[in-house]
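As you go down the protein sequences, you meet chains C and V in turn. When we follow our numbering, the leftmost residue of the first sequence carries the number 1, and every step to the right adds one. When we follow our numbering, the leftmost residue of the second sequence carries the number 1, and every step to the right adds one.
Check the hints yourself; a few may be wrong.
[What the hints assert, rightly or not] Here are a few chain V residues that face chain C, going by a calculated C-beta distance under 8 Å:
1. Val289
2. Gly291
3. Gly551
4. Glu579
5. Ser581
6. Glu639
[Claimed, not checked] Calculated from the model, a selection of chain C residues having no Cβ within reach of chain V, i.e. all distances over 10 Å:
7. Asn32
8. Tyr53
9. Asp54
10. Phe141
11. Val184
12. Ser248
13. Thr260
14. Gly262
15. Ile318
16. Ser341
17. Thr382
18. Thr405
19. Met428
20. Pro443
Rather than coming from a laboratory, the hints here were simulated on the basis of the structure. Note that the structure is predicted; figures quoted are calculated from it, not measured. By construction, the Cβ of each residue, glycine as well, lies at the ideal position given by its N, Cα and C atoms.
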Amino acid sequence: MKKNKLIFYSLIMWSLINCSENKLEEITPEDNIPAALIFTNFSTIEATTVGIYDGMQNGDIIGGQVEFIGDFLSDDVNFVGSYPSLQQLRNFYAASTNRNVNDIWFNVFNVTRNANNIIENLAVLSSQDITFSDPNDFETFETRKQEFIAEARFCRALVTFIGANLFAHPYQVENGENLGMPIVTAFFAGDEGRFKEPRATLNETHTFIENDLLFAVNNLSDFNGIRASSTAAKALLSRLYLYREQWSEAANMANAVINTSGFSLAPDYTFYNNPSSEHIFRIINLPDDSAFGLNFDLFYNPASARGRGDLTITQDLITAFTAEIGDLRYTTLTTEDRDPSNNPARFTLKYPNGQTNESDPNVLRMGEIYLNRAEANLRGNTTIGDTPLNDVNAIRARAGLVALTAVTLEDVLLERRKELAFEGHRRMDLLRNNKNLKPENFPISAPGGNKTILPIPANEINMNPNAVQNTSY
Amino acid sequence: MILTLFMALITQLTIAQQKTISGTVSDGNGLPLAGATVVISETTTGTTTDFDGKYLIQASVGDLLNFSYTGYSEQTITIGTANTYNVRLQLNTDLEEVVVIAYGSQSKDKIIQNVSVISEQALENLVTTSSPDQLIRGQASGVQVVSTSGLLGSNVNIRVRGINTINSSSAPLFVVDGVVITDNTNTSFDGGLTGQNPLTFINSSDIESFSILKDAGATALYGARGANGVVLITTKKGKRNKGATVTLNQFVQTTTVVDLMEGLSPDEYRGFRTDIVNILYGVDIPPEVLGLGTFGSGGSDFVDEISRTGLTKHTDFSVRGGSENTTYFMSAMHEDAESFAIGNDLTRTAVRVNLDHKFKKWLSLGTNIGVTNTVLNAVETENSTAAPFTTAFFTNPTLRSRDENGNYIRSSNFIPNITALVNLNTNKTDVTRTIGNAYATINIIPELTFKTNFGVDRIISEQNKRSVDVISPGGTASLSVVTDNLHRLTNSLSYSNTFNKSHTVNALVLHEFEERRRRVTGISGTGFLSDDLLNVGSATTRIVDGGARSGSIISGFLGRLSYNYDNKYFVEMTGRLDESSKFSITNRQGRFWSLGAGWTVSNEKFFENINFINYLKLRATIGTAGNDRVDDNDFPYSELYGTGQFGGIPTANVVQPANPNLGWEETKTLDIGIVSSFFENRLNLTVTYFKKNTTDLLFQLPLPPQTGQLTLNKNVGELENKGWEFELSSTNIKNDNFEWSTSLNITTLKNTVIELDQSAAVDENGRRFIETGSQRAVEGLSLSNFYLVRYAGVNPQTGDAEWLDVNGDITTTPDFASDRVLVDQSALPDFTGGITNTFKYKNFDLSTVFNFSVGNSILADGLLFVDGIDAIGGIINVRRENLDFWRNPGDNAFAPSPASPTALNFNERSTAQLLKGDYLRLNNLTLGYTLPVSIMDKTSFLSNVRLYFTATNLLTFKGKDLDGIDPENNNSNNPLSQGVSFFTAPQAKTFLFGAMIKF
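With the rest of the complex left out, here is chain C (with noise of 0.2 Å):
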């Protein structure tokens, strides 16, 4: 009787152990794809491409600190918040452990680690290796691979290049012969040793922009939707060449913008946050996308508008704008509201959505081409596609101002400092044409000056044997 209880017991015992054993493997991510299926399926292959431009919505890269950092070390924004690391970057003595170079740093790798995924792993793969939902894409794969990996290649050489104006002195202090950006062209799969590359001279760094957007111009097409098209890539060279002094090159990559139906000039400023022909590259950003980032609407907008307003417009500004009555940027697209510490201020109104953070920055738009194009010709004493003199008037007649009847390099610049204001332009357009950032001439804001390009931050100094530190930081 004990012996058969015993056994009873035992046997039960056992029986519930090993139910449970088979439940271990029961236990898989339900919210997250697996790599290994990911570059087994036409749609999750898509969705890792279009993945690119998800990692660009964060405003540490795109549509916040990149660019408002730049515009209130120069001219344009005071910046009057509490964050102390931007403080720091305000006062030119930032230090290498500040902490919002190195999430700028951080992001242009991380969306360049994103693109590389495809460049990299993208290429060596057929279309037998995948399954497919619409027969389509089957037939289509090689042409659609070559968009994807071209998107990709767009999307690093665009990052690449934010950090280059920020983490290197512009072409013109040493002609191109400085430090640049590390070149990344793997993706992090275990092995970190790819991942501590020296820094490329600028010309190198510009060059491997140059390659990447190439690639772009001849594998995508003129249109594709809200990403990035062969005429982005072509915008975007008119502005590498541009900070390249290579003039030609910058008048024809804009006149080739300029001459491709369905990108025009708006005819008024609605575009912001709306879609229309002005916008060549933009990112949108949707209610229902979660706010990474030093955003622009966060910092933009007025605490009456849900925002910091830690970024106030200049002084220097105002009385660019109200040279001449009538500017309907500053008209329209201004507003007088308070400031954190209850003074009265003038704030953009391109990024109004303080409560949703989805307003678009603007990364390459029609603007912005024409202003490349006047440039470009008058530097280049060139009228390719047309007159700087017709250039500028047009963005002036949108503006509501009267047409001017002569341009100098001076006029070209005022007129792009007040088109392109709070998009990130101004610091790279005054050191590149050899003017101080402040309008009080300090010797720290200097073109060439060593705080007026940030420090690479301590986390690859310390991580990156390889690493070179900017002169003084």
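Start from chain C and add chain V according to the hints.
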């Protein structure tokens, strides 16, 4: 031959002639013991005493009569010619206590593991609100308890023998009646870095004892999760053959803050800001020009507006008892608690049923179930402008929260009107949690027992937030529902036998299986027509923020074998094989083991003549335990993609890189100790040396930024914690009217980073390090070494703030990155401990519990904001110290001259914010009065009435630098950023008055 046999039989019959024996069983004081067991030895004949302690039994001359009663020493007498035998049973002394250990219990004098026990007697007179962690504080060596703040629901950092890991959690495992409870916080980020205290869900009055398992001998059986130590919480059980004891306990408590930082009054603020402007620009303007109003035009004391004296009301009720076959404990508790912060309340309601019934000689069934509902109204903490104890400090004091009509004013900047916020906004978390088990015990043969135990920990949590129009224009709301269900099934066989009277063997084999599933669902919304619309469904814009499920399983097979010879020589070995779903199939198994040995020297023959030593035992254990937690990540080894959208197109992105080799973290512990008692057990001393080495540390390793990945989950390096633990308890005075006893515990701890990952950064001395903000973990040094620019004070001649550069030279323009050095200060204390004194005089009792910490530093990061003239662009209040800025040569000022360029970076992070964290705190003072028995006897139903008064955090001795800053201030669970505070809300000072009545 036949005759002889016959004669023998006659004799036998004659001797066996039975007679009636009677008597009274009483305790040491002569009070009758009802329900004591009286048995004739080696027979089944027995009886129990009645309510007057009297018994009647049939026995024969020469029989051995055995008297027993739970908690008292047994006594045996031989029946002689007398017919009446009165017996006094003496209370068991401490060393014969039964101690709850991993998967069982053991007699205290036979235990060779290192277990700190906080017994029923130690807990008897301690009362606590909101969470039982207060009961552990200062009571056990090697256990450090630090509240994150005095706010209700705030978490507590409990560390057993320091920080043994560098991943996110160094918290011990909590086990309630055998059920491992989840310490996941299930609340959203509210500024603070820690969530709701998991112990809030346990009714303190239900707790019988705590056992804190410290060495490998004790923790190895928890294998996977034992490495940080284990806190076993045992709830009260009924007592066999004991009439029902009904206990009613009620108290009220007031709560205020211990200590607060002082800001400037409105006029001081006006003077301060105006002085600065006048000095900077060489002008002479009044404050109204700066928009601060005229002197004397008033303002606000925002800290006062958001604080109050909180009132707490508590009632608990329990019934405890048992019959021959059934024991029961049932309780109910309700508590309405208010903290010192407006908007912070906690209502707790709990019921518990613990039942055990012996159905057959071989079968018992039982259950221990506690159900608790808590409704927490939370306020945000620390790094959030919505946190009252952050924002109230720095809101400009010349502002007002209400206009002349009494309506709240909307703030003109990102700093909200904090008075309106705490009064109008809602952040309510309603949690119902069931922790319980049901079990069956089957005695297959007397020596062999099978036990099956099914346990659950089920949490349903609903967090409702609503911000009104005056704070968030249009209003916002969110609702987050979390269900977190854990169940576990344990089956065990245990064997216990003694051979040849001196060889005792105990064995246990056990299998357990634990599964946890957690589901989070959330929606949020903006845009409300009216503040009276309370729920998120009424918002004009609604967003789904969550709807995810996760899970984990752990399955373990374990065994324990103990042997002792004659209660003198003890050996014990344990082993556990674990499988965890948190690791890949190839790495999911972990093997853990321990070996222990003990020698009770005082049981040796040669010890019989040494009278002043009553008990002496040497013990040692060595073994391993593991840790499988990486930031509560269920798949830390796997490369995963998360989904999202870009302009409506679905997207996928890498959220975590793969490490298929990820495996267990293992801690090996060596523990050697002496347990001793002297002078008739009046002095007890336990000394332990321990050394814990943790290898393959689970760590979110920072990656080179060029990877575009922040971290990789990896097993890295080795960490060592070693130290000494001393527990000394003494009965200093004991006579009929007066008793004074003291217990003291001290733990020293030295933490060393033996090795970090190969890829970690290397400093100028060639040592690898990991940097987190203001601290570095450095090979050869500890986990916590503050790494800061050295602040040298304000130069009395120039009025400039001065620092030391990396070479130690004075500078006014330090580089706040490259001039940082290791300043030889650590967040880890050299030693910690507690002192408890208990006094009894007639019917009065008084106890004091002090706890202390020595040798640690605190970085008060919040000072970056409230020191200096330009803090937050000069729009916020500052600490009073800032009034003392440099004006004239020769001034020994706190702050530099406003005209000095250093005034701008005076508040940069440096050693100026690094403060000595030593303290000694009177954590608990309790005074009680028990009504005399003579009064009790006059009532027909009362058996015991005790009135008591308790004060917590009454006195704190700390350095002057810590004025307004609490030394118990950890705001992070992260082992790499301990000792950093950022406007951590203050601790609570409470006064409590109550009565406990027993029927």
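Hint check against the structure, violated hint numbers in rising order: 1, 7, 8, 9, 11, 16
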